[in-house]
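Chemist: Assemble the whole structure, with the sequences as input and the hints as a guide.
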Amino acid sequence: MSFRTETVARVRERWAARQAIPLIYLKWSSDSGFASLAGTIAETQDPDVFVARTGIPLELALLCETLINAGVAFVDDKTAPYGFAMQCDDAVWAFGTEWLEAIAAGDDVSDVVRRFLPRFVRHILSDDFSLADHVDAEVRAAAQQILAIWTRELEGEVISRQEWRAARANVLWASEASVDPEGFLVADLVESLPWPLAGIAPEFPAICQKFLHAYLQSLSAAFLPEQDQADRIAWLVGARHLRHLRGEARFADASDEAILDQVPELKSAMLAFRQPDAESRMGAARHLTRPLATRFLREQMDSLLALLRERPG
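Quick note: the sequence shown uses our numbering, first residue 1158, plus one each step.
Just so you know, the hints here were simulated from the structure itself, not pulled from any lab data. Please note that a few of the clues may not be correct.
Unchecked claim - Simulated pairs of lysine-lysine, DSS-like, Cα-Cα distance not exceeding 30 Å:
hint : residue 1 : residue 2
1    : Lys1367   : Lys1235
2    : Lys1235   : Lys1184
3    : Lys1367   : Lys1184
4    : Lys1424   : Lys1367
Modeler: Structure representation (structure tokens):
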């Protein structure tokens, strides 16, 4: 068997037994057996060794793993090997080996994340996206500008630093001007994007994880009691206010906790939605919206699979 065949067989066995954990970082421990999916693939937690052993860009592996992680509920279980059980739909878990099996020996997948990025953003900007009505026109226009620049990049054009700086300034203005709290997560996503594809691709798994966490929470909001919904909106507004305060000279060296202590009304707004009872209700609401989350995640997974299965010519 080839190295890849042996690897896929080994990973498939451990994944089916749920002995690999879908994390958002590279983890491998031969002593405890605690390992992420990517760590299990290469049997290492050294990024350079991972790439050398697999020929797969780490950002691709982490992006795939991040999509799975977003669809998994980690539930306390003292009888489980690591103290928790993993609950998710089969369609999400199946992706753990699907993406690996889609890569044939010798495939060059170095640009897959770069090509996926525009697809992902277009999906978020589409009329079918559940938050489409909450995305401000200025944010949408700024995102379209980024997509246009990326398209030119993928066609081989070298984009000047001046053009990227102008795009970043435009995105920052659009994000700061956004007023709909339900659209803040899209504004924040777009604000992180105006960089060359080669530069942002390694950062995208972390960017995607942050977005997915916020988006899946937004899907669950409709199933929360009215007061929890109001507290969540207050938290979203408060988080945006806190971000502004971090940029003020008087808070230059202050921690978030120190800032909140000096702005008690903001602290109250930020803490109400983070009370244990409220978080428990959010967990229950997220369970109710799991089919919606699975559908969204599967759409992204299938988009990645389509890119991985493309063959030159």
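Chemist: Could you run down the list of hints and mark each one as holding or not?
Modeler: Evaluated hints:
| no. | hint | verdict |
| --- | --- | --- |
| 1 | Lys1367 / Lys1235 | holds, 29 Å |
| 2 | Lys1235 / Lys1184 | holds, 22 Å |
| 3 | Lys1367 / Lys1184 | holds, 19 Å |
| 4 | Lys1424 / Lys1367 | holds, 22 Å |
Taken one by one, the earlier hints all hold for this structure without exception.
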